[in-house]
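With the hints as a guide, bring both chains together as one complex.
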Amino acid sequence: MAIDTATVARIARLARLPIQAQDSAQAAVDLSRVLELAGQLADAPLDGVEPMAHPHAQTLAWRADAVTESDRADALLALAPDARAGLYAVPKVIG
Amino acid sequence: MASSIAQLAQDLRARKTSATELAQAALARARARVDLNAFITLDEAGALAAAQRADGRFPNGSLVGIPFAHKDIFCTNGVRTTCASRMLENFVPPYDAGVVEHLRDVHAVSIGKTNMDEFAMGSSSENSCFGAVRNPWDATRVPGGSSGGSAAVVAAGIVPFATGTDTGGSVRQPAAFCGITGLKPTYGRVSRFGMIAYASSLDCAGVLARSAEDCMHVLSAMAGHDPRDATSVARGIDNYNAAISATLQGMKIGIVREYFGAGVDAGIGAAVQAALGQCETLGATLVDVSLPNAHLAIPAYYVIAPAEASSNLARYDGVRYGHRCADPLSLEDLYVRSRGEGFGAEVKRRILVGTYALSAGYYDAYYLRAQRARRAIANDFAEAFKQVDLIAGPTAPTVAFKLGEKTADPLAMYAADVNTVAVNLAGLPAISIPAGFSEGLPVGLQLIAPAFAESRLLSAAHQFQLATDWHLREPRA
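These protein sequences, in sequence, are chains V and X.
This note's numbering puts the first residue of the first sequence at 5, with every later residue one more than the last.
This note's numbering puts the first residue of the second sequence at 8, with every later residue one more than the last.
To be clear, the hints were calculated from the coordinates, so they are not data collected in a lab.
Where a beta carbon is used, it is the ideal one built from N, C-alpha and C, also for glycine.
Wrong hints could be hidden among the right ones.
Selected chain V positions facing chain X (in silico; Cβ < 7 Å) [stated by the list, open to error]:
#1 PRO55
#2 ALA65
#3 PRO85
Same shape as in the complex, but just chain X (with noise of 0.2 Å):
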């Protein structure tokens, strides 16, 4: 079985292992699997060095020597980072992404960069420009998206964590797919330098797991402030490793009734329904509480991401980086061929909708419209939080689909995301452990907190998790 971050680094210090065993064994574990297409680019020389320089050191942090995965949307100095998209295939930054910066300060050993999403857009992790990301639960399956790969490398036993970004869902359906804990933390309290921007007031970095305790080992290093993202927020960090100890005594849970609506697939609510009567039996009380508005969060959501797409992915030019066209004719020709040749289907078809979003005359009707949604979904929230302390529901309405079988219809793979982005609109934390199993897949349970209440969401989930043994499931190899 998996090792848990708090055991590793117990063998690390007690010198039973070193980081750059840790290493080599992922990188071999890594190439062995092969088959799951869940790494872009390995890179074994970064890690054998950096798992060298926690060598050299006493293992004092709780991630010193540890190897993990970066999903290939944070920038990672001289390791090539293409955001699975033909348009950066070849990009080396000059530079490191906070989050990036800030794992490797604690001595932390990334083996790699891990397939997702083109620009981080889609729920399946087929819209890569490398390929699909295939389930280790079920290779026939998608590992969710758009952190798919970050899911499959950590659910395939390859690294105990892996970072991601969640816009609309995208740690915590893949982490439900893959069987994983995945957390997204309130927005703003990771910073968001130097990761590939997709939307930006919904963007957010997160981690993916086996475990909430490992997910918080990761948090305590990844959260805080970061000067050159201006909607990071200057506000100290709780001492998540602390918190997580507390019990569910007490703890009123709110069930949505709209996330157990029509869609849901039978398995999936039962499975969530008996995860819930266990919070119960650890002391938690249930209480039903209504989101209103929860209807309106997709077509609010496939409104504003795409509108913010359009802005965002307008930097892709063939003039300072990314794809070039060959031989162009003239400074629009450069421009339009470099960004039909290097944008994905789906990528060039948000961007079509949120420009037709943004253009003169039906500004109002769309963007706006969505943004007076958004609050009317944040206010259902706060208006919910003053009954309950956390909200619970299942995180993706279906287990993990087949390959190929949401790609034809860009709508069917939108409803994916319907329990999900509320929670990127609101800027709340949430995250998703595994709460059972449906067909033979795993099932994820969602839980939501206030915003910067995520030393809740993990002790809620460490406490479910001590008590059950769905987060330490294993897929056959």
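Next up, chain V with everything else stripped away, as it sits in the complex (with noise of 0.2 Å):
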């Protein structure tokens, strides 16, 4: 399936990318020919097989709604690139 350069600017508005104009045609060839390959899935007899999630039929395990953490706000705090008051800053969002 052929991507056309607006589908890659609508697919990196959803993921959150920059793609620059210049590298827009690239991008549209590189998905195209990635998705040729997934496209080789169409013509497999799959339909009727049941989709598989995960590699063992398990049920993911439940823990007791306990605390297990120990508070290490200062310790997670320091690595963000700018934090304030105990809190994560980012630019403005609210005029």
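Right, dumping it as structure tokens:
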């Protein structure tokens, strides 16, 4: 399936990735080729085969609804590029 | 010749050497081989402190005082963990991964973090923001990927083992390219906690070492249930040490027709056939088996893995940790520019593919279809294992290729995974062992077992290695 540059722009927007104008055509070609590869699945007799999301047919483990983490707010906030007053800081959202 | 883990442990017990001496020697070897570009971070202070702790104990465990390296995808408390990405170039985790804890608990000594493909996306270890890793057998060639740094440091004799991760072949293919042994356990056998996520339903921690016996020692320490990883399996661990002596007598090995098809170099096919002949001499019976949906593995993998990656990598937003662009104009600008600057080309490509495959209107055609293919592939293995105990074939279709040879064509690079990805889709354990040479470069034989039959893999590989010396061959420094 051929992808055009408008589709690349829409997908890049969803993925929050910048695509420069000069890279858009190459990205469209790359995406088209990978999707062409994936297109081989369309011809395979897979209708009615149950989808498999995970290697083991196990139900996910539930843990007790109890606090297991210690308070590490300072250590975690220290990783942030910008944190102030115990909060993550981002550019102003509401004008 | 580089010593085995058992030999090093014996030397430690006999006080012929100390953990500190071993760590210092490994660090010196690492510094002498900067040409390989195999390490991102050397942790001299941490290694010497860990070695000192090991020296303070009676070395009664097989890994006490043994130096090794971690792939730079495992979070290490206080030691930079980059995943070979500009996004995490300065990330210093405040906690240890489960695998890191397990190996520290048995007093193995990590000397540093190895180079890799960015976020484990690649088959050559060229997609690293720290530059490409070189193959110790031929510096003009790739070591394979994504655990290429881990493979190179073992092959070059810097450390006896290294950790790796295998999402589509990232332990086995570099092991094959570098002439060493690479074990990918069953999905869920080893904790993923603190292992930076690429494709969560496929990601699996593994080990790269010279021999199956060395892998056995490391797996024994790494395996086990971790309640912090919801996909980690609560199931007892086999006594791998006891199981490894089982012989190949009566073992039925399935030869996969499809894995010797077009695209597999003649030299690889010949070396692998000869190795299988050796298994027959050792008492195994060779049986032809078919995995009729094998051709769907690459297309299914390159939908499922990017889809999961696009979701996993959404966390890198420039807010909580990782790279943040300078002077963002708005929150949107902060997200877009931080991600644009932080991720490399292949990571962006896979995020775009995955986002497309999961987007409204295309989910059924791509992601759901790929999950159906995944089931068909897993069913093929289940059928085959009704007839045989192990499945065998070449690990990779070619020997290590030249640096830059496939970087311009992503699909050519993806084809390097043709014999390995199906194992991840089915969640099975597999091992790549040295099986000869083609064009003067190492060839890997892949053995695949049913879920949780790591003991069978290790014993078969060990018996082969007792009778052959391919795993003992070393590249010229």
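Practice problem: Report holds or violated for the interface hint on PRO85(V), using the least CB-CB distance to chain X and a cut-off of 7 Å. | Solution: With a closest approach of 4 Å, the PRO85(V) hint holds.
Exercise. Tell me if PRO55(V) is really an interface residue toward chain X, meaning its C-beta lies closer than 7 Å to one of theirs.
Key: 4 Å, holds
Quiz item: Close enough to count: is the Cβ of ALA65(V) nearer than 7 Å to one in chain X?
Solution: 6 Å, holds
Violation of the numbered hints given earlier is absent; every hint is satisfied by the structure.
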